[in-house]
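> Starting from the known structure of chain A, fit chain B onto it as the hints suggest.
Protein chains in written order, with the working numbering: chain A, 1 to 787; chain B, 1 to 161.
Derived from the structure by calculation, the hints contain no laboratory data.
It cannot be assumed that every hint is accurate.
Stated by the list, open to error - Some chain B residues judged to face chain A by a derived CB distance under 7 Å, without partners named: (1) Cys100; (2) Thr104; (3) Ile134.
Said to hold, decoys possible - Label pairs and their computed distance ranges (CB to CB): (4) B:Gly152 / A:Ala494: 44 to 50 Å; (5) B:Thr7 / A:Ala60: 56 to 62 Å; (6) B:Gly32 / A:Val770: 53 to 59 Å; (7) B:Asp30 / A:Thr771: 34 to 40 Å; (8) B:Asn118 / A:Gly441: 28 to 34 Å; (9) B:Asn118 / A:Ser708: 29 to 35 Å; (10) B:Ser12 / A:Thr713: 39 to 45 Å; (11) B:Gln153 / A:Ala588: 40 to 46 Å.
Cβ coordinates follow ideal geometry from the N, Cα and C atoms, glycine included.
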Amino acid sequence: MPKDTGIGAATVRREDVRFLTGTGEYTDDITLAKQTYAVFARSTVAHGTIKSIDTSAAEAMPGVLAVFTGEDFAEVGGNPAGWLINSRDGEPMKEPKRPVLAHGKVRHVGDAYAAVIAETVQQARDAVEAIEADIEELDAIVDMNAALTGSNFVHDEIGTNQCFDWGWIEDNREATDNAIKNAHHVTTLELVNNRLVPNAMEPRASIGSYKASTGEYTLHTTSQNPHLTRLLISAFVLGIPENMLTVIAPDVGGGFGSKIYHYGEEALVLAAAKKIGRPVKWTADRTESFLTDAHGRDHVTKIELALDADGKFLAFRTDTKANVGAYLSNFSTATPTFLHGTLMAGNYTVPLVYVNVKAVFTNTAPVDAYRGAGRPEATYSIERVIDKAARELGMDPIELRRKNFVKPDQYPFASAAGLEYDAGNYDALMDKMEEIADVAGFAARRAESEKNGKLRGFGVNAYIEACGIAPSNLVGVLGSRVGLYDAATVRVNATGNLSVMVGAHSHGQGHETAFPQVVAEMLGVDPAVIDIVHGDTSKIPFGMGTYGSRSLAVCGSAVVRATEKIINKAKKIAGHMLEASEHDITLADGVFSVSGTDKSVTFGEVALKAYIPHEYPLEDIEPGLEETAFYDPANFTYPSGAYACEVEVDPETGKVTVDRMTAVDDFGNVINPMIVTGQVHGGLAQGIGQALVENTTYDENGQLLSASYMDYTMPRADDMPMFSVDHSQGTPCTHNPLGVKGCGEAGAIGSPPTVVNAVIDALQSGGKNVTHIDMPVSPARVWEAMQ
Amino acid sequence: MTKVTMTVNGKSVSGDVEGRTLLSSFLRDDQGLTGTHVGCDTSQCGACVVHVDGEAVKACTMLAAEADGATVDTIEGQANADGSLNVIQQAFQDHHGLQCGFCTPGMVMSAAALLKENPTPTETEVREYLEGNICRCTGYHNIVKAIMAASGQDVTAIAAE
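Same shape as in the complex, but just chain A (with noise of 0.2 Å):
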């Protein structure tokens, strides 16, 4: 019987009674006192050299309030990158400083060099037209072998295009170079991960304010972690004491990784509303969204799979080049490297593996983690070789999956990319793929599908990543300049009903229904007596926020703690109030009882008793229930899943269409099926649309083709099938106390090499020896490879 409450129910979403009823508040809703507004002037070209910039004329404009340029800034700090990565030869990664407004050089197209303060938003952009900037433009660098191999730079001072070349691990490069050279046989794909943009619906939007009489500083901002944006505006870019300055996430509408970093456009609003005395608010709009979110993906790799004569693996090794953008965003050398390297064993018993990425600066956006991070590339460059050696070796792809598969009694699994694997079952999750997925009656679908001239084809994938980050100490000897532990406080009120305040930030999770499911399981209480608070630093302990699929894992392992401080407590408190020892106190639906006696006290009995302390141990026990946890995870939480797609290709104009979409995914425990079966649907949906339709373009001048919905290619409804999901086959986590893993990106991973493996399965079919088409799929690319 599926429960109705608690851990497990599919309880729906409270949230949703304010967004369905348009009351709902997302940060551009929001409008404070004397609110002012911003616009910035961004560059037109991708590269060019800051000769002067005359605001005179926009000053004088109507309205206008102030105009700022990066020389305002020049001395104030840079917007840092979070994590520390050292080349294979020792040295340290290039970090050109990253300011609020681009100070002598402007260095992608969309790069903010000015920004105007103005009574209303049109009078602010009509000011911006006012500004005379002389730019002279310099060439371009796009292309990242021409970055690396140029003496063109994007940053003067560091005198290379290279931040890094990396190696993973360095330690087994010659044995995996060995294993490669002397291998039965060797498959190499050299392929693109093509750059996408997050795209979360909501544009980002910031409201900065301050008061003059005590020195505070308000920001209301599109963040997924409101305490690690203040971290960066307070430690690193404008020195506000962290007590001076408190962050609010409101609602967020959507985030997919391109929230969570610090954006210029926070530290400008609040400086500004210092400045001129009232708050500015800056809101996105979509071209600019476009242009300046953090971008994902834009790998260039080629990867080899040595294989013996049975199929097992021997190695994997991989180059790839990593476009970084122009700037480093906070979390854009960790993507490609500890996102990314790690992962590259895939569900494999594989013995050696060799990881060579080299991140480049490019005239572009800055690129950064979004939805998966680093672990799609990871699965796309594994899963699509191992198709291609399956296909030239003459075998079944699933059986030379299982072949090479950890196998349920070798956890924990030391993994050749350096991580340790706590708990899985590959095989269970193939068994249910290929029952849900009906393999046995492809066969008769294909038929059917040729009789109406299309080709249909079949594709299947493996992925394990790795989530719920992290583990500090692991990190920190990683690079991480960062904690990655989150906080939860659960506060008991008098009366019995409770408040808990999360460093997690739900935009879309549903974290203010699920995280009530768990302490009510918990304390036997009503969910609906659970208020969850999340998004304001004024409010919450300080935790790291939601990205990497950590909410649950991490910030609900804290709730966990926390709630576990309140049980005992209130056992103390229950045995004073029934005259027993603590340690006799039982707590069953809400009741504390003396085991084995008749005599008992309710929740809000204990509650009211913290709260009203007559005839109360003070001398044992404090006054109050609120208790207080930090959590920091002793390892990474590693879901895994098998996935197949069918796809038909329609042989006169190459398009492509997916018919049957199945995710068999293993998060362990489950605390809410119906939010986790709707993450799984909406990372599908970015998958395939990444494998189908979105491309980030920009041509040789650095000038962005795609920087609208009219141009960049968003999956709409028709272009999706309905998906069978499934999460019955769970491993529990070994290491935190839900026994939960991730489940925000697992779609967003599994599912391109999956769409991509079917397509060229339908072509093979059709009697064309197509090996590999590079993402997205578009008709164009299909009948292209065709002929």
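For chain B alone, coordinates are given in the frame of chain A:
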């Protein structure tokens, strides 16, 4: 400035607008009806869909002055008189047809317009009708399911919780 008067969610409202003021700006900034969202500038995303004289319209693509004298319905006016969710809104909640909520007002308004002209749409018809509404969170599966459920069709055979 031009004075405009229109009936919004059953109430007569008026305001002074510039010629360039969009209906979406008038609703959001002048009327405080911030449930109508703006997600793009090119009339693609559909987060701003409202009904003007009963027709689904992208409010970012219509001037406020053009709506002078019109009847405009927004997401804020969709709930039942007692404040409870209407059939479409309830179906979106029941079938998890929303995540971040940003595209949701436009989706609900488009769904209402669809069901008015086609009371029992097929899955294909729902997907085609939503051509002008982009959602980045849900993969559309549960939106399609919710709209079909709101039309009274049995959706239990459609996969997932």
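> For each hint, tell me whether it holds in the structure or not.
Hints and how they fare:
The interface hint given for Cys100 of chain B holds, since its Cβ lies 3 Å from the closest Cβ of chain A, which is under the 7 Å cut-off. Below 7 Å, beta-carbon pairs count as interface contacts, and Thr104 of chain B has one with chain A at about 5 Å; its hint therefore holds. A least Cβ separation of about 5 Å between Ile134 of chain B and chain A falls short of the 7 Å threshold, and the interface hint therefore holds. Distance hint for Gly152 of chain B and Ala494 of chain A: a CB-CB separation of about 47 Å, consistent with the stated range 44 to 50 Å.
Between Thr7 of chain B and Ala60 of chain A the CB atoms are about 42 Å apart, so this pair departs from the stated range of 56 to 62 Å. Range check, Gly32 of chain B to Val770 of chain A: Cβ separation about 56 Å, and the 53 to 59 Å hint holds. Our hint of 34 to 40 Å for Asp30 of chain B and Thr771 of chain A is violated, since their Cβ atoms are close to 59 Å apart. Against the hinted window of 28 to 34 Å, the Cβ-Cβ separation of Asn118 of chain B and Gly441 of chain A comes to about 32 Å, which satisfies the hint.
Range check, Asn118 of chain B to Ser708 of chain A: about 30 Å between beta-carbon atoms, so the 29 to 35 Å window is met. Restraint check, Ser12 of chain B to Thr713 of chain A: a C-beta distance of roughly 42 Å satisfies the suggested window 39 to 45 Å. The hinted range of 40 to 46 Å is satisfied by Gln153 of chain B and Ala588 of chain A, whose Cβ atoms lie roughly 43 Å apart.
Of the numbered hints stated above, those contradicted by the structure are hints 5 and 7, listed in ascending order.
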